[in-house]
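A.B. asks: Read off the chains here:
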Amino acid sequence: MMGFASPLPLQSIGSLVERIVQTAGLRFLGVLAILALGLVLAYTAGSLVQRLLVSFGVPDSIEGTAFERTARDFDTSTVEILSWLTRYFVLGLALFAALSFVGIDYVDRFWGVVIAILPQLFIAILVLIVGIVVGDKVELLVAERFRGVKLPQVSILPALAKYTVFFLAALIALSQVGVAIVALVVLLGAYLFGLIVLSAVAFHDLLKSGAAGTYLLFIQPYSIGDEIVVGDVQGVVQEFDMFVTYVEAEDREYILPNARVFDEGIGRIR
Amino acid sequence: MAALSELLGDIVTDVDGLFLFTPSHSHYERFEEADVPTVVIAPENTVDAETFVELPLQFQNVKDRIRFGVEGAMEQSIVEAGDTIACNVGIFGGDPDSVVRVRVEENMRSGIYDLFANSRADPGVIRDVFEVAIELGKKGQKGEPVGALFIVGDAGKVMNKSRPLSYNPFEKSHVYVGDPIVNVMLKEFSRLDGAFVISDSGKIVSAYRYLEPSAEGVDIPKGLGARHMAGGAITRDTNATAIVLSESDGLVRAFKGGKMILEIDPEDY
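Here the protein sequences line up with chains A and B, keeping their order.
In terms of the UniProt record's numbering, the first sequence opens at residue 1 and continues consecutively.
In terms of the UniProt record's numbering, the second sequence opens at residue 1 and continues consecutively.
Please note that a few of the clues may not be correct.
[Unchecked claim] Below, computed lysine-lysine pairings styled on DSSO-like, alpha-carbon distance capped at 30 Å:
id, chain 1, residue 1, chain 2, residue 2
1, B, 203, A, 208
2, B, 161, B, 222
3, B, 157, B, 63
4, B, 157, B, 142
5, A, 208, B, 172
6, B, 63, B, 161
7, A, 208, B, 161
8, B, 222, B, 172
9, B, 139, B, 259
[What the hints assert, rightly or not] Among the chain B residues that face chain A by a calculated CB cut under 7 Å, a handful are:
id, residue
10, 159
11, 199
12, 201
The set of hints was computed from the structure by calculation and includes no laboratory data.
All residues carry an ideal CB built from backbone N, CA and C; glycine is no exception.
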């Protein structure tokens, strides 16, 4: 019974296809093919993105960021979100290709705008997600760096770093979709200018000592145990690093900024 | 069951403090609101305890561990001689598994805590050098027992009280104890004679140093050789700490102020 049943549906499918081709024409088949191809492409592209991200170690490096944790709450992950985003994008492209193939009149302004904006929108969303993840990560890294410093005011630094990255990501995303952002760019300029000028003024001495210290560490004109004279300070070198030199005299220990060692010159006592 | 809890009750009645050794977070929280002051003794203050004594070495010997904690607490004036405390320690493995009743006495001050906390060099540097010495003592140099002499801290003065035996392999280098490569390097260089000089911040200043301290008034046990004598004596002349690995008996000893402070067997760690 079963053996006889199988050829029958095949025949009917064949006749069905024939009838569809007759009624809808080749064009419909083309649309179907494009859509199918789009589906396959979208799926492979998404999987490819997922595999690439995993092989670059992205899941490990963004572990613990707020975005990743939120994603986890919704039973997904950043990598998965990105791969699905890629799939939808490719699928969207396929859909529009199919529509244009059918000849739907997308001279129609609405569809024209949508198609023009789609890639930008995709990139904008991508930039936003990357920005949020990177911002979170930067916050974690900065916080880690300052964990030893038990100062309540220090906690502002990680947040500052995070929101700077967020702001930049938002700027890029907005400029992608063509929103006017001149005012925001001006704001960013002012902020960065302030940051650079302030830190240049604040870290002036440190930078100077650091530059001198780099030379001293490389060349080592004096080493630990040498007796040296710097200005009116004389003593045995106990230690030196990037920024300061520790010189121990008979009854006191001097901590000299390397800039001063450079300014006043070193006398080595044999 | 009543008899059993009485057993524990006897141990913890009328104690003046509870010492938790390396507690986990949840373990600590259970005793945070206890009716006696709680002191946490651990390598790192991971539980944000208010009173905390840093444990620089995971002493395998429980007696040493408790003594170190008590000494640290005495140094920080958390407890004083005459107090009785309960110590919650882990004897087998990591988790606290036993309670020990200890009476704090003045003679518990052996200087071990002082060795780490009040040395000129950073506590972390002393700990790193200890670890290198212990590992060297355990494994030796290619299976052969080796001796080594590390002078930690006050490097400027030590350098002025010593002379080079040969070229200094660490000259103009920036090598710090605690870097992973250093253990291997120090192992190789321990074949050379002489002392390693290490600065307060852990920079290896020199190897191959011949120490020239005056050995008067040095109080070290008889029977130890020239290496120990030299190491012990230089700590009397300077503010350095000497960490010596004996080639003959394989023990690691620490000297400070011309006195032997600590003697440990590398096999115990």
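A.B. asks: A separate judgement is required for each hint: does it hold in the structure or not?
C.D. replies: These are the hints, each one checked on the structure:
| no. | hint | result |
| --- | --- | --- |
| 1 | B:203 to A:208 | 24 Å, holds |
| 2 | B:161 to B:222 | 24 Å, holds |
| 3 | B:157 to B:63 | 36 Å, violated |
| 4 | B:157 to B:142 | 34 Å, violated |
| 5 | A:208 to B:172 | 22 Å, holds |
| 6 | B:63 to B:161 | 37 Å, violated |
| 7 | A:208 to B:161 | 34 Å, violated |
| 8 | B:222 to B:172 | 38 Å, violated |
| 9 | B:139 to B:259 | 27 Å, holds |
| 10 | 159 | 3 Å, holds |
| 11 | 199 | 5 Å, holds |
| 12 | 201 | 6 Å, holds |
In terms of the numbered hints stated before, the structure departs from hints 3, 4, 6, 7, 8, listed from lowest to highest.
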